[in-house]
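Colleague: Once you have looked at the hints, place chain B on chain A.
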Amino acid sequence: NAGVTQTPKFQVLKTGQSMTLQCAQDMNHNSMYWYRQDPGMGLRLIYYSASEGTTDKGEVPNGYNVSRLNKREFSLRLESAAPSQTSVYFCASREGNLYGYTFGSGTRLTVV
Amino acid sequence: ELKVEQNPLFLSMQEGKNYTIYCNYSTTSDRLYWYRQDPGKSLESLFVLLSNGAVKQEGRLMASLDTKARLSTLHITAAVHDLSATYFCAVHDQAGTALIFGKGTTLSVSS
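Line by line, the protein sequences are chains A and B.
Per the numbering used here, the first sequence starts with residue 2, numbered consecutively.
Per the numbering used here, the second sequence starts with residue 22, numbered consecutively.
Hints in this document: simulated from the structure, not taken from any laboratory.
If you're wondering where the values come from, they're calculated on a predicted model, not measured in any experiment.
Think of the CB as a built atom: it goes at the ideal place given N, C-alpha and C, for glycine as much as any other residue.
Any given hint could be a false lead.
[What the hints assert, rightly or not] Pairwise CB distance ranges (calculated):
(1) PRO40/A - LYS89/B: 27 to 35 Å
(2) ARG81/B - SER81/A: 46 to 54 Å
(3) LYS10/A - SER129/B: 38 to 46 Å
(4) SER129/B - VAL113/A: 26 to 34 Å
(5) ASN31/A - GLU22/B: 24 to 32 Å
(6) GLY61/B - ASN66/A: 24 to 32 Å
(7) LYS89/B - GLN23/A: 15 to 23 Å
(8) LYS72/A - GLY117/B: 15 to 23 Å
(9) LYS89/B - THR111/A: 39 to 47 Å
(10) THR98/B - THR16/A: 32 to 40 Å
(11) SER72/B - MET20/A: 26 to 34 Å
(12) ARG45/A - ASP51/B: 20 to 28 Å
If we strip away everything but chain A, and leave its shape as in the complex, we get:
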């Protein structure tokens, strides 16, 4: 099915461990985004990539890095996980700046 695919769906990390969240879209969208969702906070933008080869910080980038590997894939890396990074992470993509998003199914991350 066409859409945005995120892996893994669930992950438990120990404090200080690293991991990469993967995101791929098959809709030929130019822009891709990583958000985190915390109770009572809505969705907050971590990083985005307006087009292949570019990435920019969002509202809450500290502790994260991203890579836009190609037009399809946009990964989010936690170099040294902290309990404050326990959250649900959503990847999204869209065709251009005047369009809405298509969201992935999310990654539920717990850091202990």
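Modeller: Here is chain B on its own, set in the frame of chain A:
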């Protein structure tokens, strides 16, 4: 700083009654998005409101946009249990590069 504020944040609804939730935003965005999220699920697009005065309806939900007042409303007609979910509104940031979301309104319908 762009702000998107939804109210109420929680709404307990009785089946069959009508309700309205509000989304205020602080930028001069001419389009607004509504999303629905079921518990433990992702967000799905409900409405895209493209201009001042835009009105969209699907089933028991009707959304409208007043760009001059920087206000969107989501009206629920004759609430049913299937509408229990969290609803988010979102607008473009000042540069148009990303969407900024409200904190969401969680609707719970009881009989």
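Colleague: Going back to the hint list, which numbers does this structure go against?
Modeller: Violated hints: 3, 7, 10 and 11; rest satisfied.
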